[in-house]
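A.B. asks: These protein sequences, in sequence, are chains L and X. Counting in this note's numbering, the first sequence runs from 1 upward without gaps. Counting in this note's numbering, the second sequence runs from 226 upward without gaps.
Bear in mind the hints are in silico, worked out from the structure with no lab data behind them. Careful, some of the hints might be misleading.
Listed below are several chain X residues computed to face chain L (Cβ distance under 8 Å; list not exhaustive) [claimed, not checked]:
#  : residue
1  : ILE228
2  : ALA231
3  : VAL249
4  : GLN251
5  : LEU266
6  : ALA269
7  : GLY276
8  : ILE277
9  : VAL281
10 : PHE308
11 : VAL312
12 : ARG323
In silico SDA-like pairs for lysine to any residue, Cα to Cα no more than 25 Å straight-line [claimed, not checked]:
#  : chain 1 : residue 1 : chain 2 : residue 2
13 : L       : LYS8      : L       : SER116
14 : X       : LYS283    : L       : VAL72
15 : L       : LYS8      : X       : VAL309
16 : X       : LYS283    : L       : GLN150
To list a few chain L residues with every Cβ distance to chain X over 10 Å, as calculated [claimed, not checked]:
#  : residue
17 : THR10
18 : ALA41
19 : LEU77
20 : ARG117
21 : ALA132
22 : TYR135
23 : GLN151
24 : ALA162
25 : ILE184
Only a predicted model underlies this, so the values are computations on that prediction, with no experimental measurement involved. Ideal Cβ placement from N, Cα and C applies to all residues, glycine included.
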Amino acid sequence: MHSGANTKATSVSVGVATGLYGISFGALSSVAGLDIWQTMALSLLMFSGASQFAFVGVVAAGGVASLPGAIVSSWLLGVRNGFYAIRIAPLLKARGAKRFMAAQLTIDESTGVALSREETKESKLGFWWTGAAVYVFWNSLTFVGALVGQQIGDPSQWGLDAVAAASFVGLVWPRLVDLASRTIAGVAVVVAVIASPFVPSGIPVLLSGLAGIAIAIFIKPKVDS
Amino acid sequence: MTIWLAVIIGSAAVYSWKIFGHLVPQRLMNNPRLLQVSSMLTIALLAGLVGIQAFVSKGQFHADARIPAVLVAVLLTILRVPFVIMVIVAGLVAAGCRYFLGW
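Construct all of the structure, not just a fragment, from the sequences and the given hints.
C.D. replies: Encoded structure:
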């Protein structure tokens, strides 16, 4: 049983914690070559952490030539938001303009808090409060991060290239819950590294994704119900 | 292609999944197998990005100070250290290896 106040408090603390990643996103985006407004546009419009990190990560590695790869990578990483939306839509029963707002706020955190509540009323409250809190903190701290990133001359001197790698470690590690997911992650790393010298930048990550799908389909890891 | 155009197209592409999930009839997409493949796709893409960011530089395999930083990042993630602290420590490890060891 969760009370309304409890749900709101959870939502805001999740918003603050998630927003803090925004600093590292803003800084990485700046050193990848995006200006402050392009960086802010990603946080305001794309508003999906993994997709945004992928976009600037691919651009950082390959420059303007890799922009199509950056688009496809961020698009593919957004697919899970679609599945969240399918689970969350019947709880929200949003109509009209509210539905389009709900779609924009459908991310890992808002879905996670909503689905952790027992009553539908609390789920709705958790979804909207978490979505709004993450949106506010993520965007304000992206701005702070972008300002910091602008001041940094040589990113590698400050270890910012390692920050990018560490960000993806932090995003993927909690998902490695069984043998199938660990195998896929291991293969994906190897595929991306081996493919890099032979294909244009932006493509190796997509090949990793293809390899992951192939393994998921053919090895058919056990379905957890 | 300009960065601005890519930002707009990429954002619209990510939004397309979100709005699709809210508009599509429930029964059509409620397939656990599809969900599973999509979660594996997420893992593969993120892991691929780890590979690129940790081991590749200018399109070639390149081992440098990022590797100890990533090992520290893995360790801190296992220890459930908050994301922000984890990435800052990883950055400091890489910066320190470069400054003190010249890696």
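A.B. asks: Are the hints correct? Go through all of them and say.
C.D. replies: Okay, the hints, checked on the actual structure:
1. Contact between ILE228/X and chain L, as hinted, is supported at the beta carbon level, the nearest pair being about 5 Å apart and thus within 8 Å.
2. With a cut of 8 Å, the hint placing ALA231/X at the interface with chain L holds, because the nearest CB-to-CB distance is about 4 Å.
3. The beta carbon of VAL249/X comes within 7 Å of a beta carbon in chain L, closer than 8 Å, and the hint placing it at the interface holds.
4. Interface restraint check for GLN251/X: the shortest CB-CB distance to chain L comes to about 6 Å, inside 8 Å, so the restraint holds.
5. Interface hint at LEU266/X: satisfied, since its Cβ lies 6 Å from the closest Cβ of chain L, which is below the 8 Å cut-off.
6. The criterion of a C-beta within 8 Å of any C-beta in chain L is met by ALA269/X, whose closest approach is roughly 2 Å, and the hint holds.
7. The interface hint given for GLY276/X holds, since its Cβ lies 4 Å from the closest Cβ of chain L, which is under the 8 Å cut-off.
8. Taking 8 Å as the C-beta cut-off, the interface hint given for ILE277/X holds, the closest approach to chain L being about 5 Å.
9. Residue-level restraint check for VAL281/X holds (minimum Cβ-Cβ distance to chain L is 5 Å; threshold 8 Å).
10. A distance limit of 8 Å between C-beta atoms decides the matter here; for PHE308/X the minimum to chain L is near 5 Å, and the interface restraint holds.
11. Look at VAL312/X: its Cβ gets to within about 5 Å of chain L, closer than 8 Å, so that hint holds up.
12. Against a cut-off of 8 Å between C-beta atoms, the interface hint on ARG323/X holds, since the closest Cβ of chain L lies about 7 Å away.
13. Proposed proximity of LYS8/L and SER116/L is supported: the alpha carbons are some 13 Å apart, at most 25 Å.
14. With a C-alpha separation of about 20 Å, the suggested pairing of LYS283/X with VAL72/L holds against the 25 Å cut-off.
15. Our distance criterion of 25 Å between C-alpha atoms is met by LYS8/L and VAL309/X, whose separation comes to about 23 Å.
16. For the proposed pair LYS283/X and GLN150/L, the alpha carbon gap of about 22 Å is at most 25 Å, so the pair holds.
17. Taking the minimum C-beta to C-beta distance to chain X, about 16 Å, the non-interface status of THR10/L holds against the 10 Å cut.
18. For ALA41/L, the shortest C-beta to C-beta distance to chain X comes to about 5 Å, within the 10 Å cut-off, and the non-interface label is violated.
19. Not every CB of chain X lies more than 10 Å from the CB of LEU77/L, the least distance being 5 Å, so the non-interface label is violated.
20. Distance to chain X confirms ARG117/L as a non-interface residue, since its nearest Cβ pair spans about 19 Å, more than 10 Å.
21. A cut-off of 10 Å between C-beta atoms confirms that ALA132/L is not in contact with chain X; the least separation is 15 Å.
22. Distance check on TYR135/L: its Cβ is at least 13 Å (rounded) from any Cβ of chain X, clearing the 10 Å threshold; non-interface status holds.
23. Annotated as non-interface, GLN151/L keeps its C-beta farther than 10 Å from every C-beta of chain X; the closest such distance is 15 Å.
24. The Cβ of ALA162/L sits about 3 Å from the closest Cβ of chain X, inside the 10 Å cut-off, so the non-interface label is violated.
25. The Cβ of ILE184/L sits about 5 Å from the closest Cβ of chain X, inside the 10 Å cut-off, so the non-interface label is violated.
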